[in-house]
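Engineer: Quick mapping for you: the protein sequence lines, in order, are chains A and B. Okay, so the first sequence: first residue is 1 according to the working numbering, each after it adds one. Okay, so the second sequence: first residue is 1 according to the working numbering, each after it adds one.
Bear in mind the hints are in silico, worked out from the structure with no lab data behind them. The reader is advised that the hints may include incorrect statements.
To be verified - Each computed DSS-like pair below joins lysine-lysine, with the alpha-carbon atoms no more than 30 Å apart:
1. Lys-199/B to Lys-179/A
2. Lys-190/A to Lys-75/A
3. Lys-206/B to Lys-219/B
4. Lys-216/B to Lys-190/B
5. Lys-179/A to Lys-52/B
6. Lys-199/A to Lys-179/A
7. Lys-179/B to Lys-199/A
8. Lys-52/A to Lys-206/B
9. Lys-216/B to Lys-75/A
10. Lys-55/A to Lys-75/A
11. Lys-216/B to Lys-199/B
12. Lys-219/B to Lys-52/B
13. Lys-179/B to Lys-219/B
14. Lys-57/B to Lys-199/A
15. Lys-75/A to Lys-214/A
16. Lys-179/B to Lys-57/B
17. Lys-55/B to Lys-179/B
18. Lys-179/A to Lys-219/A
19. Lys-75/B to Lys-179/B
20. Lys-216/A to Lys-52/A
21. Lys-190/B to Lys-179/A
What the hints assert, rightly or not - To list a few chain A residues with every Cβ distance to chain B over 12 Å, as calculated:
22. Glu-5
23. Arg-16
24. Pro-39
25. Lys-52
26. Lys-57
27. Asn-111
28. Val-120
29. Ser-141
30. Asp-174
31. Lys-190
32. Gly-203
33. Lys-219
What the hints assert, rightly or not - Footprint (simulated), chain B over chain A, 3 or more residues, beta carbon under 8 Å:
34. 61-70
35. 144-150
36. 159-173
In this text, a Cβ means the ideal position worked out from N, Cα and C, and glycines have one as well.
There are 2 protein chains.
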Amino acid sequence: MKIIEIKKSVFADNDRDADELRRELAGRGVFLLNLMSSPGSGKTTTLIKTIKLLKDKLNIAVMEADIDGDVDAVKISEATGIQTIQLHTGGMCHLDAEMTRQGIGNLDLDNTDLIILENVGNLVCPAEFDTGSSANAMILSVPEGHDKPLKYPLMFSVCNLVLVNKTDVMPYFDFDLGKCEEYVHMRNPKAQIIPICAKTGEGVDKFAEWLLQKVKELKR
Amino acid sequence: MKIIEIKKSVFADNDRDADELRRELAGRGVFLLNLMSSPGSGKTTTLIKTIKLLKDKLNIAVMEADIDGDVDAVKISEATGIQTIQLHTGGMCHLDAEMTRQGIGNLDLDNTDLIILENVGNLVCPAEFDTGSSANAMILSVPEGHDKPLKYPLMFSVCNLVLVNKTDVMPYFDFDLGKCEEYVHMRNPKAQIIPICAKTGEGVDKFAEWLLQKVKELKR
Chain A
1 MKIIEIKKSV FADNDRDADE LRRELAGRGV FLLNLMSSPG SGKTTTLIKT IKLLKDKLNI
61 AVMEADIDGD VDAVKISEAT GIQTIQLHTG GMCHLDAEMT RQGIGNLDLD NTDLIILENV
121 GNLVCPAEFD TGSSANAMIL SVPEGHDKPL KYPLMFSVCN LVLVNKTDVM PYFDFDLGKC
181 EEYVHMRNPK AQIIPICAKT GEGVDKFAEW LLQKVKELKR
Chain B
1 MKIIEIKKSV FADNDRDADE LRRELAGRGV FLLNLMSSPG SGKTTTLIKT IKLLKDKLNI
61 AVMEADIDGD VDAVKISEAT GIQTIQLHTG GMCHLDAEMT RQGIGNLDLD NTDLIILENV
121 GNLVCPAEFD TGSSANAMIL SVPEGHDKPL KYPLMFSVCN LVLVNKTDVM PYFDFDLGKC
181 EEYVHMRNPK AQIIPICAKT GEGVDKFAEW LLQKVKELKR
């Protein structure tokens, strides 16, 4: 497990840089998923469960972006044995395409089908910067409440997939899945929604299947 | 309940501007609390319960900062009847001192002892900008996990008070309060920690007492 200190991007045109990175990765048959969420929504647990289901079918690498620390990268590396690198953002609240490229430069792309970028825990800034990912996904956890698409519109607009996590604690919170779906689709009518419980593993197979299909489509 | 569209600050020196605002407010006997947290940690519910305990003792105003929407401001206004204004940050992930000042300009300061600013739900950016507040507090909710001070160091460094919310669901999450306290104090040895459950009201009286003391100290 490597720790990389990411430098602030000097590129002015992030959208152009993101498109270039996306093309390059597609040309090499590598799918990059940008996974976003609030702090503590369960990104790491979800990834560990998902990677265990997929690692015999795909070569997977994980890039963990955090302000500081390496707890998640160590957890994923120990639990799954796959290529994992920790990106330190130097206090920054998001990754852009050039920062993502700096991380990818440390991976063995010839032996990688799928890179999962665990972005900084934040529902605002990461949504504003195209990382060059092939798709964006986000995790909304039940304790956060079903009203989040009303308050963080851009995050839900840019995501192809919304995982609703921690469904096991639904009885203890006032979370309305129907309303959540309605609000997500208000922001993005095409967004797919998959309820999961990363702790028990429920529904994680559907996310794994979604990823497998996406990687296959890219390689076609 | 008013909605204010905040304009991006043109002041280069936020720290100086924050100090000025802090001095002005102190001169008028107004205490400004900057309340931060992740999305969905329970800021609004905590505020409603706290205001109900304090509104006969203090004149309180609330400023709700959000990217979009006004659900929280409406909730607080309806539940407590106090002065409440909604600040729209125009997509921005934080408030600085000048943006805070724009909000305060809409309040009746002569009849206000305590202003509570509910900052944008985000553990990264709001910690980087001094709002001119008299004190900073943050809410960490149990479902987010006790490891958050390891990942979001600055947020915990700048906070005088950490409220650990949703203690009622402690049995359903792997949350270790002892470790949480250890990690918070690693970032800020002076931070006070109060466990609360905004839903049931448990511990909220301690937060109300803390606020009352702070306002009294300022007015002395």
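Engineer: What are the numbers of the hints that this structure violates, sorted from low to high?
Structural biologist: The structure breaks hints 2, 8, 9, 13, 14, 16, 17, 18, 19, 21, 24, 28, 29, 30; every other hint is satisfied.
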